[in-house]
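Chains as they are written, first to last, in the numbering used here: chain A, 50 to 367; chain B, 378 to 880; chain C, 13 to 345; chain D, 588 to 911.
Simulated from the structure, these hints should not be mistaken for lab results.
In this text the structure is predicted, and so the values were computed from the model without any measurement.
In this text, a Cβ means the ideal position worked out from N, Cα and C, and glycines have one as well.
Incorrect hints may have been included.
DSSO-like mimics (lysine-lysine), calculated; alpha carbons at most 30 Å apart, straight line [what the hints assert, rightly or not]:
| no. | chain 1 | residue 1 | chain 2 | residue 2 |
| --- | --- | --- | --- | --- |
| 1 | A | Lys-254 | D | Lys-905 |
| 2 | D | Lys-705 | C | Lys-140 |
| 3 | A | Lys-353 | D | Lys-737 |
| 4 | A | Lys-288 | D | Lys-902 |
| 5 | C | Lys-140 | D | Lys-737 |
| 6 | D | Lys-902 | D | Lys-858 |
So the derived list for chain C, only partly shown, Cβ under 8 Å to chain B, looks like this [to be verified]:
| no. | residue |
| --- | --- |
| 7 | Ala-125 |
| 8 | Lys-140 |
| 9 | Val-209 |
| 10 | His-210 |
| 11 | Tyr-215 |
| 12 | Asn-220 |
| 13 | Ala-222 |
| 14 | Ala-224 |
| 15 | Asn-226 |
| 16 | Gly-228 |
| 17 | Gly-232 |
| 18 | Pro-233 |
| 19 | Val-237 |
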Amino acid sequence: MKTTIATLAATTLLTGMAFAGEHGGKMTIGITQNNVGVDSYQTTYEKAFIAAAEANEMVEAVVLDAGGDVARQIAQMEDLIQQEVDAIIIWPTNGEAVIPAVRKAKQADIPVIVTNSNIAEQGAEFVASFSGPDNITQGSRSAEIMCDKFKEMGIDGEAQVVHITGQPGYTTAIERAKGFEDRLPEVCPDVTVIDTQPGDWNREKSQKVMEAFLVKYDDIDGVYAGDDNMGVGALNAAKAAGREGIIFVGATNFAVGYEAMERGEYWGSIYQSPVDDAEAALQTAIDVLEGKDVPALNYFDTPKITQDNMGDFTKPVF
Amino acid sequence: MTEQTPVLRLENIVKTFPGVRALDGVSFTVLPGEVHALMGENGAGKSTLMNVLGGIYQPDEGQIIVSEQPAVMTSPLEAKARGIMFIHQELSLAEELSVAENVYLGELPKKRFGLVDWDTLYARTDAILERLKVGFDARTRVGDLSIANQQMVEIARALTVDAKAVIFDEPTASLTDAEKVVLFEVIADLQRDGVGIIYISHRMEEIFKITDRISVLRDGSYRGTLHTRDTDEEAVTQLMIGRKLDLSRSESTHELGDVALEVRGLSCGHLFEDVSFHVRRGEVLGFYGLVGAGRTEIAETLFGLRDPSAGTILLDGQEIRIHSPVDAIERGISLVPEDRKGQGLVLGMNCRDNMTLPQVSDLTAGPFVSDGAEVAIFDQYRDKLDIRTPGWRQLVGNLSGGNQQKIVIGKWLSMHPNVLIVDEPTRGIDVGSKSEIHNLIRELAAQGYAVIVISSEMPEVLRVSDRIVAMYSGRVMRTFTSDDVTEDNLIQAISGLGDGAAA
Amino acid sequence: MKPGTLSTFLKRGAIWGFIALELIFFTVAGEFLSVSDKAFMDVDNMLLLFKQSAPIGIIAMGMTIIMVNGNIDLSVGAIYAFCAVILLDSMTWPIFAGLGDAVIPVSWILALAVGTALGALNGLIVWKTGVDAFIVTLGSMLGYRGLVFMYNGEQPTSHLNWTLVDFAEQQFLGLHTATWFLLIVTAVIWFLMNRTVHGRNAYAIGDNRAAAVNAGIRVGPHMMVNFMIIGFLAALSAVVFYSESGSVNPNDGELYELWVITAVVLGGTKLTGGAGSIISTFGGVLAIQLLRKGLAHIGADTETVNLVIGLILIAVLFLDRQLNLKGKEELKV
Amino acid sequence: MSGLTKQNIGSFLARQGILVAFALFMIGFTLANGRFLDPDNVMGVVRSSAILGVMALGVTFVVISGNLDLSVGSMMSFSTIVVLDLHDKIGPTLAIPAMFALTLCLGALIGFLVGYLKLNSLIVTLGMLSAIHGLTLTWSGGKNMDIADKEATWFGIFGQGEIIGIPVPILIFALLASVLGLILAKTPFGRKVYAVGGNGTAATFSGIRRARVVFSCYLMSSFCVATAGLIQASRSMGSQNTVGQGLELEVLAAVILGGASLLGGSGTIFKTVIGVLILGFIQNGLLLVGLQFYVQYVVTWVIIILAVWLDIAAKRGKLWSPIA
């Protein structure tokens, strides 16, 4: 990737000749990502972002990774401000802690675009736009998928569900959990969530959690996992214990989830492409810089995917 | 003298540890201006007594009386505050700190807000160093000093306060003769100032040179006090071990064999240069010299722990190169190192495992260590060397110094070496075990081993060696035979005087 | 002594040489690899360097004392997070409701007190039980982290107070508030270690504990004070950082102990205790932040950063050992 | 010496104290949730502890030899990712030995740095923790690794298979524990490990090649890590790059709970296994009684301190430290 950027810099030098004198002709856009390498969604996002920026000769990208550390992310915001980039895209490690840093960018007249998971409300006034999935809606949709399936099976009067959440403290995890838990009683009032434990976005952790659930509860009808990675972990546990007939619903459809759906073991998920996510973020930034009118909340659509309609979607690349 | 008020009186001190009565009613008195030797075999209770005096242990019964005031020693600081100073045997210095900070360790002079008063600190320390006639100043980093000089720093601590009593615990272990003279002057100075001195040492010649009275402990109980003038070594020894000792040199009556090991022009940097000697089977070759003369380094080089920069080593006439202890052991060279606890033994391991460590790879039945073979070896050498231990499962750390040393010697004897090197065989070992080990070394030679003994104690080298190599500053000054050696010419040789300077 | 002087100089100066090397490398490499027009050695960038070094740097000063003392503290990251939670949460406590912005110093003091208390608990356990500090703090690293989670579940704790943020973003004489705290802490701890009896005793205890005990230094309370100091500094670091950011995730500060120890070791503090310098630790902290900043500047990606930082740590350790070799005749053990 | 028996009894009691506390926990959990001692659950706990356990076996060697290994978590991620990636490229028969070879190379590198170059193990393995993570990310490009066709491979046997009703991970753990336990307790090599950890200088002076022993310990550790990675990969047939993150400290906690001294020279494989099981049952028990995962952190904290404290107290014959 270093070479990619090196080539990028080199082509920039060449193309820079053509633009010489034309101040502001090229846009420098900095991005600070949450934690690349922690899962393939983020990695694919980073690659897609670099590819999209490279494809657009008007754009130079500075790509940074906060490694999940708020302090490092704030430092990267400061660095980007100091380097006088034209716009900053941030994937927040903490939806509130980065607000002052975002305000600093705003004060330096650098528009900030939040990507993937939004920052808290107090920060809204400093942000040019948010681009990403609506995690609360995703949570609600997962609840609907599960409820619909229970109704189809005729067990919506007594079904019991366990819930495996993402890494504690992450906005995405919190929002999805909230969306799910608020929506489920609305659509299926008689379904109960009997237990909730975090799976840390980690398949192995999720598998352990599910193993304990299986011992503790004889009757589990459904599992909601904050993403497919954890969902598949839970599925593995159920398979190992020989428990059948459990409805698994996840979010962020990973390739493993898609395959499990193909095999008929996993019921449904939310289709969310990191490529769409990355491209939407870059496009929003470009639109902002070009002075276009951009909505404050720029959600890209993340549809429901189940065994019934999966034919409409291509298999995720991550 | 009896009219004087004692500076320190111990009355009927009893200290028990779970199951052990370490001190059983010990009483003795130190008068101002006297040097009072405290003697006893290792394990007789000297260290426990000193720890009680120093406030590290609380006695179960009895009293400590300082200048006729009953004192309860709650901490080392308390002891210090009452004018009782300790000079410890094992160096207790912080190497990264300056001499001054070490001398005043634990009570650096303070200004306001806990700040160190450096001016006062350095001035006071320099004044003390002046008295000790040492060649370094208060600002020197202790780690940069020689061992002997570090010992002098330790001694300087005693002079920081107006001490009523100073306890010297084996202070001369690493001092040169010249430094010993300074130390004895310091002690004499303190004596003149009316300070009472407790002097702990195993070295009889020092005891008889500088002390006034000798108190003896055995098995935790007090055995009596003798006036140095009116007694002799034999009487003291008898009091200490409860029997007579054979201190005579056992003459070799056996025939010497071939040359087992020969060294020609061996050098290792500046540690030692151009060293040549040989040792025959059945012979004990002694190495005598001051600490730092390069004796231990020669042993380490022969054992493959250092790479020589020049010279050749011949074993049974064959030139060999030794790159590691493994090489040395394969060729039948064994080393009983000087630092028993640091280099000789794994203290947390049991007696048997320590003894069989170098050959454990060969004592196998299938892939596993053969229990039977190991125990057989242990039993054989326990009997041969008269090692006193409850059983092979006993951790070596729980044994007395003498028995520990025998484990190390047994470890190497069981390897059936061609050449056995013994470095400081009796350091820190009490009189009784000392003579046992001396006799053992003579017996080994008689059985045909080639033995090299390195020692800093002249009586020891004189007693066990057939020939003595005298070293000074990394060079061999002269090689004596048992016929031409005298105390005088030996001292001259190791001080760089003597006629061997050209060697 | 003479042959040692050069190596001593090299050793003492090594970290600064390393920093110079980093600066040169990133400046030159930045010319070719960075998309930014700004030079790496820009004044503002260097000022940011100090500011960004503060969270790790403040704790590293405490860790230097602890390590000079011959101990280690793995729980600093958890203490840091816990104090941040206290700081931000206490601002909304009903009992302080009437205080207005005057709640700020109260919350600060509260957070610092809690940090000191957590450090004291570590110290007390080390002192009274005699269990090795590595194990004690390995345990409390888990335990304190558990307390953080128990406090507010898995939710972040937030309270954005703009007065506080404005204060934290202040620049006095061109330096950020965080930088000032870092510099003051460095100065105070340097003074403590080099000029006070407590500091000199810290070296003595780490160097030769038995000697210190014999000399009557009360080793137990001394170590406990040091654990209180590092607890206080971990809290101070949290106060400085979270005053500006206003929200803490329960897993914040994870791995900080490793970064802090890395900085202290880069600065040449001996792991066995007895030797170490505050100024060199400061250099170690700067070196790490510079490395992170520089690698980002030239566009290195996550995997390269991990790889480079890991290898540099080992390389520094290796160099340090080579400088300390006494030559061929050294004893081979 | 008559105090010896008394001390031995004290030490015995203190050691059993850990087991007593463990037993109390088990009883408490069982009362709180009757399923706790359910054979399925017990089997489940042991199975999920197997990965941690296998790693702890190797680390026990390293710790007894007087060193630390903080890189095992990161290295386990590496093994898992590598074997999964190679599985689809060269097939499981070749992928497994290739992964073992690569992991052993990493172990050999650490062993070389710590053993032969005599660098401090804490810092070396800390550095390797970060460096190996970078290596893993480079290998995978940061992506999750998954076996494409999970039905068509026999690779799942190591993590999911059962032989005579016992899950294969448990069998691997038991087999490895027995073999390594014998090596440590009964072979000359094991004896040398204790000697090197107990007093490295004395070991050298006894003709033991200290560097080689340390090197071998790290090699063993990396072998165990590779085995753990294999079980992990086989169990979930796919993995993230961070699968082993943080495991190094759990492993260390288990080894310490088992009573190995960080100073080296003491500890046994059997005790480490006990330590692993204690951690596993606590984790599982808390989950079963419905306590949040973080309560487990606090409980582990208390247990570690108590366990080590009691052990030390028994050795010195006094509850409180004599430090002034």
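For each hint, the structure was consulted:
Taking the CA atoms of Lys-254(A) and Lys-905(D), the gap is near 41 Å; set against the 30 Å cutoff, the hint is violated. The hinted pair formed by Lys-705(D) and Lys-140(C) fails the criterion: a straight-line CA distance of about 33 Å is larger than 30 Å. The straight-line distance between the Cα atoms of Lys-353(A) and Lys-737(D) is roughly 25 Å, inside the 30 Å bound, and the hint therefore holds. With a C-alpha separation of about 48 Å, the suggested pairing of Lys-288(A) with Lys-902(D) is violated against the 30 Å cut-off.
At roughly 55 Å between alpha-carbon atoms, Lys-140(C) and Lys-737(D) are farther apart than 30 Å, so this suggested pair is violated. For a cut-off of 30 Å, the pair hint linking Lys-902(D) to Lys-858(D) stands: about 17 Å separates their Cα positions. Against a cut-off of 8 Å between C-beta atoms, the interface hint on Ala-125(C) is violated, since the closest Cβ of chain B lies about 22 Å away. This hint is violated: Lys-140(C) has a C-beta 17 Å from the nearest C-beta of chain B, more than the 8 Å allowed.
Given the 8 Å rule on beta carbons, the hint for Val-209(C) holds: about 5 Å separates it from the nearest Cβ of chain B. With its C-beta approaching chain B no nearer than about 6 Å, His-210(C) sits inside the 8 Å limit, and its interface hint holds. Hint status for Tyr-215(C): holds, given a least beta-carbon distance of 6 Å to chain B, under 8 Å. At a threshold of 8 Å, the smallest CB-CB gap from Asn-220(C) to chain B is about 5 Å, leaving the interface hint in force.
The restraint placing Ala-222(C) at the interface with chain B holds, with a minimum CB-CB distance near 6 Å, inside the 8 Å limit. Annotation: interface hint on Ala-224(C) holds; nearest CB of chain B at approximately 7 Å, less than 8 Å. Interface hint status for Asn-226(C): upheld, as the beta-carbon distance to the closest one in chain B is roughly 5 Å, under 8 Å. The closest approach between the C-beta of Gly-228(C) and any C-beta of chain B is roughly 3 Å, which is under the 8 Å cut-off, so the hint is satisfied.
Taking 8 Å as the C-beta contact cut-off toward chain B, the hint placing Gly-232(C) at the interface is violated, the least distance being around 11 Å. Given hint, Pro-233(C) at the interface with chain B, is violated; its Cβ is 12 Å from that chain's nearest Cβ, farther than 8 Å. Look at Val-237(C): its Cβ only gets to about 11 Å from chain B, farther than 8 Å, so that hint breaks.
Checked against the numbered hints listed earlier, the structure breaks hints 1, 2, 4, 5, 7, 8, 17, 18 and 19; every other hint is satisfied.
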